[in-house]
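Take the two lone chains, each set in its own frame, and fit them into one complex as the hints suggest.
Here is what each chain is made of, one letter per residue.
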Amino acid sequence: AQKITQTQPGMFVQEKEAVTLDCTYDTSDPSYGLFWYKQPSSGEMIFLIYQGSYDQQNATEGRYSLNFQKARKSANLVISASQLGDSAMYFCAMRESGGSYIPTFGRGTSLIVHP
Amino acid sequence: NAGVTQTPKFQVLKTGQSMTLQCAQDMNHNSMYWYRQDPGMGLRLIYYSASEGTTDKGEVPNGYNVSRLNKREFSLRLESAAPSQTSVYFCASSESTSGPYNEQFFGPGTRLTVL
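Sequences listed follow chains A and B, in order. Here the numbering used here is used: position 17 in the first sequence is 17, and no number is missing along the way. Here the numbering used here is used: position 98 in the second sequence is 98, and no number is missing along the way.
If we strip away everything but chain B, and leave its shape as in the complex, we get (with noise of 0.2 Å):
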């Protein structure tokens, strides 16, 4: 039972570069999100897909694209890296969004520096 898992764990990109980070889970969970973690500033949602064939604006949208390939899968896409989007992002999964009670299991994070 791998829970959820990202790729890559590391990149680094230039500018103008794009590229796109991999989340899948195992826990036929309805729900994922992507966050995106700068020091000093905790977690910060970019996107998120509350069921299979939905996806959502979170907090920081903005030069990201995601697709929720299946139920298990949901991708970032980066289509013109920016210095900006240096961060370290995490990939969530939950059973669902409805309730005050759904704990998130998070992925081991890809850290991403762009040049």
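The shape of chain A in the complex, shown without the other chains (with noise of 0.2 Å):
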């Protein structure tokens, strides 16, 4: 089974909109951490934000939100105010106690943002 499931594959916004990437995980450990990356054309993996399990709130960066759901085991990437440069693809990642802490990702959802 896959510990993290990114449901779309692609996604389209309209520049200035807000997008939300799903990501659901799947773990039984109390501690673990999400993470978020973005890969654009040019192939380098740049990490945007994290979460922690303990977390109480959700984590932002810029105009990067988590929108943690611990309950359904969701952590839905929010981009605001969408950008050209926002167009890439993003991968979700989890490390888990029970997994040694080593990063499993998502296949990723592909992000088109239209002028």
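No lab work stands behind these hints, which were simulated from the structure alone. Just so you know, even glycine gets a beta-carbon here, dropped at the ideal spot from N, CA and C. Any given hint could turn out to be false.
What the hints assert, rightly or not - Label pairs and their computed distance ranges (CB to CB):
{"hint": "1", "chain 1": "A", "residue 1": "HIS114", "chain 2": "B", "residue 2": "PHE10", "range": "28 to 38 Å"}
{"hint": "2", "chain 1": "A", "residue 1": "GLY62", "chain 2": "B", "residue 2": "LYS14", "range": "39 to 49 Å"}
{"hint": "3", "chain 1": "B", "residue 1": "PRO8", "chain 2": "A", "residue 2": "ALA18", "range": "35 to 45 Å"}
{"hint": "4", "chain 1": "B", "residue 1": "GLY99", "chain 2": "A", "residue 2": "PRO115", "range": "33 to 43 Å"}
{"hint": "5", "chain 1": "A", "residue 1": "GLN57", "chain 2": "B", "residue 2": "THR15", "range": "49 to 59 Å"}
{"hint": "6", "chain 1": "B", "residue 1": "GLY99", "chain 2": "A", "residue 2": "THR60", "range": "14 to 24 Å"}
{"hint": "7", "chain 1": "B", "residue 1": "ASN62", "chain 2": "A", "residue 2": "ALA18", "range": "34 to 44 Å"}
{"hint": "8", "chain 1": "A", "residue 1": "GLN57", "chain 2": "B", "residue 2": "GLU103", "range": "17 to 27 Å"}
{"hint": "9", "chain 1": "B", "residue 1": "SER18", "chain 2": "A", "residue 2": "ALA81", "range": "41 to 51 Å"}
{"hint": "10", "chain 1": "B", "residue 1": "MET27", "chain 2": "A", "residue 2": "SER100", "range": "17 to 27 Å"}
{"hint": "11", "chain 1": "B", "residue 1": "PHE10", "chain 2": "A", "residue 2": "SER110", "range": "20 to 30 Å"}
{"hint": "12", "chain 1": "A", "residue 1": "ARG72", "chain 2": "B", "residue 2": "GLY16", "range": "46 to 56 Å"}
Right, here's the structure in full:
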């Protein structure tokens, strides 16, 4: 069974609008961390945001926020005020204690921002 | 501060040839990782090294070997390349593998084609 599921292979959004990229995870560990990475067409992996399982508040980093719903095991990435430069692949990843904290990645979501 | 470097950036091999992908980090990180990225599959872990002197198999280790040469360097070897190993290979490092928060830093990737 997949540990990280990203159900949206591709997403489209109009410039300046907000977009939510879905991520659900599967773990029974109490201690885990969730990450989002961006991969533009140039290929590099860019760390965006982190959410720990014990964090009381949703993580935010500039225009990025993480909608963490622990009971639903979801960690959706919200990008506000989309920009053309946000067009990229986005990957959700998890580190869990049962997996020796070795990261597991989802298959990614391709986001295209239209002008 | 170069972060994580990988060589080469591109490589074309014939079936049966061998090669070594090199990775080095200058952040004094203890843990290093090798991933492969295939379309629609996200990043899959090949091998990792939690600390200098240790290596462990990941999700897709068959056909690969690794060497943690020292704290800085972690190489990936293909002894007899196969077309199924055509992929983009990423090296990453993190401070450690202990605890849920350990941001990974990625190299620029190596695009390998096996004919």
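Outcome of range test on Cβ distance (GLN57 (chain A), THR15 (chain B); 49 to 59 Å): Holds, since GLN57 (chain A) and THR15 (chain B) (Cβ atoms, about 53 Å apart) stay within the stated range.
Range agreement (Cβ of PHE10 (chain B) with Cβ of HIS114 (chain A), hint 28 to 38 Å): Holds - the Cβ-Cβ distance for HIS114 (chain A) and PHE10 (chain B), about 32 Å, lies within 28 to 38 Å.
Whether the CB-CB distance between MET27 (chain B) and SER100 (chain A) falls inside 17 to 27 Å: Holds, since MET27 (chain B) and SER100 (chain A) (Cβ atoms, about 21 Å apart) stay within the stated range.
Verdict for GLY99 (chain B), PRO115 (chain A) (Cβ pair) under range 33 to 43 Å: Holds, at about 42 Å.
Whether the CB-CB distance between SER18 (chain B) and ALA81 (chain A) falls inside 41 to 51 Å: holds (49 Å)
20 to 30 Å as the expected CB spacing between SER110 (chain A) and PHE10 (chain B), which holds or is violated: holds (23 Å)
Cβ separation of PRO8 (chain B) and ALA18 (chain A), checked against the hinted range 35 to 45 Å: holds (40 Å)
Hint check for THR60 (chain A) and GLY99 (chain B) - Cβ pair distance inside 14 to 24 Å: At roughly 22 Å between Cβ atoms, THR60 (chain A) and GLY99 (chain B) fall inside 14 to 24 Å, so the hint holds.
Range hint compliance [Cβ, ASN62 (chain B) to ALA18 (chain A), 34 to 44 Å]: holds (43 Å)
Cβ distance range 46 to 56 Å for ARG72 (chain A) and GLY16 (chain B), holds or violated: Given range 46 to 56 Å: holds, Cβ gap about 49 Å.
C-beta pair GLY62 (chain A), LYS14 (chain B): status relative to the range 39 to 49 Å that was hinted: holds (46 Å)
Range hint 17 to 27 Å (beta carbons of GLN57 (chain A) and GLU103 (chain B)) holds or violated: Holds - the Cβ-Cβ distance for GLN57 (chain A) and GLU103 (chain B), about 19 Å, lies within 17 to 27 Å.
Checked against the numbered hints above, the structure breaks none of them.
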